[in-house]
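Asker: Residues per chain are reported as follows:
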Amino acid sequence: KAGVTQTPRYLIKTRGQQVTLSCSPISGHRSVSWYQQTPGQGLQFLFEYFSETQRNKGNFPGRFSGRQFSNSRSEMNVSTLELGDSALYLCASSLGTVNTGELFFGEGSRLTVL
Amino acid sequence: DAKTTQPTSMDCAEGRAANLPCNHSTISGNEYVYWYRQIHSQGPQYIIHGLKNNETNEMASLIITEDRKSSTLILPHATLRDTAVYYCIVSYTGNQFYFGTGTSLTVIP
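Chains A and B supply the protein sequences, listed in that same order.
Position 33 (the first sequence) corresponds to 33 in our numbering; numbering is contiguous.
Position 66 (the second sequence) corresponds to 66 in our numbering; numbering is contiguous.
Bear in mind the hints are in silico, worked out from the structure with no lab data behind them.
One or more of the hints may lead you astray.
Said to hold, decoys possible - Mimicking EDC-like on lysine to aspartate or glutamate, the simulated pairs with C-alpha atoms at most 20 Å apart in a straight line are:
#1 A/K13 to A/E75
#2 A/K57 to B/E31
#3 B/K52 to A/E75
#4 B/K52 to B/E31
#5 A/K13 to A/E82
Unchecked claim - Negatives, chain B to chain A, calculated, CB over 12 Å:
#6 H49
#7 N95
#8 F97
From the three backbone atoms N, C-alpha and C, an ideal C-beta is built for every residue, glycine too.
Just need the whole structure built from these sequences, with the hints factored in.
Answerer: The structure is reproduced here in structure tokens:
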């Protein structure tokens, strides 16, 4: 079955712009979570959506937001981009039940902010 | 979620077992131990998880001490493809992970 698909894979933006990243989870998965990976901070949890509701949230400013649609696809948005937002943004999907074990990660969207 | 401590890096000879330790001394009773790995430029990959019993799957074995304050991931016959950063994580739910810095494992031919 198809894996987690993230689009776009690469993008370049300038400071002050906004960006929207998309994630299509594995069919049947109801949970989508987002992570930011940078060389300095490593992998950091942004938020998790389950059945269109944000269920968990990491420690990021309000410029970072997300949503999930009824088909479980998710988008995340970063407004007023800063240089420090340059990162690999990873999406992961799962069934969403507690401790079933496996998050399936996509290949990520690499954002460069100039 | 409890914090974990892992060695920064390790080497292992190809074909030998790789034993990756993890300390999670503040783990609470309902937190699971998870292991993921990340090969350069790819998304993390699930390896194994457990609560208190030892677990084994086709990729690895997970040994959790009786007091649950530490665990060891064992890759029984390391190959060059196992070179990656390995993350040990503890989590209440398995749906929200706080990755640390992990252990960079290099498998040497």
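Asker: Please go over all the hints and tell whether each is borne out by the structure.
Answerer: Results for each hint:
For the proposed pair A/K13 and A/E75, the alpha carbon gap of about 17 Å is at most 20 Å, so the pair holds. Pair hint A/K57 plus B/E31 holds up; C-alpha atoms about 18 Å apart against a cutoff of 20 Å. The hinted pair formed by B/K52 and A/E75 fails the criterion: a straight-line CA distance of about 36 Å is larger than 20 Å. As the CA atoms of B/K52 and B/E31 are separated by approximately 10 Å, the hinted pair is consistent with the 20 Å bound.
For the suggested pair A/K13 and A/E82, the alpha carbons sit about 10 Å apart, so the restraint of at most 20 Å is met. The non-interface label for B/H49 is inconsistent with chain A: the shortest C-beta to C-beta separation is roughly 5 Å, within 12 Å. The Cβ of B/N95 sits about 6 Å from the closest Cβ of chain A, inside the 12 Å cut-off, so the non-interface label is violated. Residue placement check: B/F97 does not keep its beta carbon more than 12 Å from all beta carbons of chain A (closest about 6 Å).
In the structure shown, a violation is registered for the earlier hints numbered 3, 6, 7, 8, in ascending order.
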